Amino acid sequence: MTHTPIIPILIPLIAAFSILITKRYGFKVGQTISLLSIIALIFVSIFALIDITSTEEVLVYKLGNWEAPFGIVLVLDSLSILMVSITSLLAFGALWYAISEKIDKEGVHFHSLFQLQIFGLNGAFLTGDIFNLFVFFEILLLASYSLLLHGKAEGRTKAGLHYVIINLIGSTLFLFAVGTLYGILGTLNIADMAYKVSLLDSENISVVAAAGLLLLVVFGLKSAMFPLYLWLPSAYGKTSAPVAALFAIMTKVGLYAIIRVHGTIFGENAGELAYYYIPWVLNIGLITLTLATFGVLASKEIRNQVAYLVLTSVSILLIAIGINSQDALGGAIYYMIHSTFLAAGFFLVADVILKARTTGYLDKQMPIFKEAIIIGALFFIFAVAVAGLPPLSGFFGKIMILSASLEHTHTAIILSVVLISSLLIIIALSKSGSAIFYDTTLDVEPLDEYKLSKSTLASIFFLFLFAPLLVIFANPITEFTNTIAANLFDTSKYITTVINIEEVIK
Amino acid sequence: MEILLALIIAVLTGVGVFLTLRARTFPVVLGLTFLAYAVNLFLFAMGRLNINQAAIIQENVANYSDPLPQALVLTAIVISFGMTAFVIVLSLKAYGELKSDHVDGKVLDKDGDK
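Chains as they are written, first to last, in the numbering used here: chain A, 587 to 1092; chain B, 450 to 563.
No wet-lab data here; the hints were simulated from the structure. Please note that the accuracy of each hint is not assured.
Dumping the calculated DSS-like pairs for lysine-lysine here, alpha-carbon to alpha-carbon at most 30 Å [what the hints assert, rightly or not]:
no., chain 1, residue 1, chain 2, residue 2
1, B, K548, A, K886
2, A, K950, B, K548
3, B, K542, A, K688
Keep in mind it's a predicted model, so treat the numbers as computed, not measured.
Here chain B stands alone, though its shape is the one from the complex (with noise of 0.2 Å):
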């Protein structure tokens, strides 16, 4: 479970990292959802990976599993949610205003050239 875990967000990482080097909004906007996913489910692990065991106290229970990363990754979702919805919004007014979705407002052709 450890390494499926890591490896997803090895690969969820790269992708986010990859597509936020892009130069147009569309894959810069996803790329940083692609690294909010990683970084929730990184937040998620640190609290160390178990199955079935509560999270609230319960009589004659003895492991339990960390509830605070969940609360965390709880508000973690919340923010990226919103901050990619303003992302979204300012690419468009961007595109609107630069007459261009390059993040430096510089109109490409077909290929992506200048």
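The following block holds chain A by itself, in its conformation from the complex (with noise of 0.2 Å):
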């Protein structure tokens, strides 16, 4: 269909405005309306992404009919969508627990700013042009502060206050990125741009590499990369579960930004430039990872120790990226679908977990709970699925991208350091399991104030049936992510198609 690159967009901004106007009909409308727009989304990007998959095509949506480097584009392609479809599944498990739970009646407006993140999500996604890239970053980030400080609980002013600023410098940055970018190359749209650095002057590259490794900055802001993941596991810990599961995609946007801006403009194309960023990353990676694993253990909070796992399973996949080959570029997708399901499934278990205990600190003994069976096994199941033990998909995400860094030269620090801290991770999780379940205060009456309720189950249950899924599907899903990884790195298509060019100069 020529109109599907803008229907993701559209449908969570109608959404988001009609919440409001109906908003005088009563709360159950605001909720119908936001569980119809998520479920709409599924069904389209669902559709559309079966739809690339067999055509392989690179989808152009011109706004205003404007012809690519003039006007604005939206492109979709396979790897977009992709990103769409696992917004959209996510946001329904999200939205699922907050409808449950009633988390959504803590504040208000709770249903317009969740359609307003999706918006800016999917529009950050579906974006060919990177001055647009900024907007919808902007978007996304205006309602990633409004839900972040959805309801109440301690800390969470603190926590929103670092999350705002650190954001708006990240923002100022940008700006500075793309204006350095443009001062030079002319243009903001992300094919053009990749078309113009492949014929630069030698004068120029200094500076668009400048630029370029800014707007590294800014992104690995939002993918939290070290040394700016600070803001992440007080952020993430403090908000309420649903909007943390929901934010478990919003560190993909910034790994999506750098596979997809970078990667475009600073492909094998480049000249001078190609891959000058992938050392950056692959090191920052490896950093991020031991840093997180050691707060992973450190953690004397269970939401803060998800938020730490979320950290671990980004710069995974930045050491990924930076392995810069196209089995690992493969697996890392796979890894970025398994971390985003099981994160945010992760956060909603804390959730109860706190809920149930009183307490999420795991240093405090607690007399048991009622529920302690089944929470228990809910969290065995997560704790395997994000640990990446077999069977489950961390496991063969992990792999993938393992065997894809044999060929690497630096194969031996990779692997020690993904190894070592997974064995690491899997100690503190096995901790935390034994503090909560195990370590209890005898003789005192059960807690049983929290009754989990099937609604919430069955939403957290959607979330992990993903890890089972990527396991049993895991041969044409990792064909799919394979050939788009094989896209990624051969950009020509994307360029000619985007700006409509016959073919890029090598």
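Put the two chains together into one complex; each comes in its own frame, and the hints tell you how they fit.
In structure tokens, the structure reads:
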């Protein structure tokens, strides 16, 4: 369909404003619109995904029908539509949990903000223009600022203040980088920029390189890479569970932007600048993984620990991007699907534990709670999946990335850092599991204030479902992710389709 | 003109960076505003500096100024305006909740020491 690329952006935007307009008809109407919008998004994105896999096209949507480098375009290719599908499925799980646990009633405008957040996310995935990427980043950030502060909890405002300020500085840096690139290349379209970089004069190379690295800092801030990750544990650990679950995709936006913008502009056609950013990504990924693992080990609070687990998955993805081979990138995309859903689900499990146990602090001995068996089972399966133990999907993702790293010059260090960190994560999670479920005060009546409703349980299972599904359908999914990776490495198809030229000069 | 503009951008950025590194929320908000001004001027300069040139296509005019950075600056102004409004409200909320205008919620005495 010709209008497919814009539909995932329009649905949540219209839904967000309809929820505001229909507010006086009651809360239920808003909930229904919100759910319907997400379900519609799931259908649209999955159909588009199936369509794109069979045709392998790059759909370019010219807004206002202006030709590409001059007008703004949306680009729908297999990677962007995959990200949109992940977002909508994840949003469904998070929204289900929010409604089932009545978290959406803790403050005003939860559903409108939620929809605007999806609007920003989908826009950021689908845009083919770097300034539009900035605008969609701001939209998703502004919605995330308000969502982060939704409801009341200790420490939430302080964490929110830090998150907002560091992201505002990030936005300023983004504009500096975009301005510099525009000043040299004279264009903002990603494909056209890639084309112009391949024709760059030697005197301007260092300026473009600096601007590219500045852009890497901005995307690194979004994806929480070292040393810009310090905002993440408190922001994710202090916010409400469904918001934290939705935020599992926010770090992936930064990674997506690195793959899309840097991978295209500074890809194989970029001459002297081809893949010059890769060593930075690899080394920073290794440092982030080390520090994040220490964070997982040192966390005294369960939600904080899950936030650090998000950070470890981000750094494994950074390492995979840094290995810079087709197999590694294919594995990275597989691991990205896995880690988004599982980290989000783990936030929900942590929230359930927090409610049942009345505190999330691991060093506090508490009485046993009534639903400990089922919640313990949930914790166990999520811990197995997130730590990357067989038979669940985290294991296969890591195997793909590690086997790709065997051909890299720094195999030894990549293997040792990733494997030792996995071991330490297993130890940390077993420690927290024991502290929560075994180390309980004896001879005290069990806590039974919290009842785990069936709907809540189902929403958590919905997110968990992707771990076995990714294993059962591992073959078609890896074939698909490998095609995506191949397309990302051969950028000429993307460039020629978007700006409508015959061929890219090598 | 180039040197003057470059100096202005440099001073604004310097002031912005200095203020955002302060410990109280109000200077931080001011610092973010200064950074936004600096980046707006910077974007403007990226279309190259020139005077008395048309931005819209006309007959018998050979040289044009680049209209795109002006559109970008306009967008950036609107966004930074909204963000500043948000961060002001948020710092007021933080002041109300933490009973302190320190960014980490620490209570400081008159001289700014702990």
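To see whether the hints hold, each was checked on the structure:
| no. | hint | in the structure |
| --- | --- | --- |
| 1 | B/K548 x A/K886 | 26 Å, holds |
| 2 | A/K950 x B/K548 | 28 Å, holds |
| 3 | B/K542 x A/K688 | 24 Å, holds |
Of the hints listed earlier, there is not a single one the structure fails to meet.
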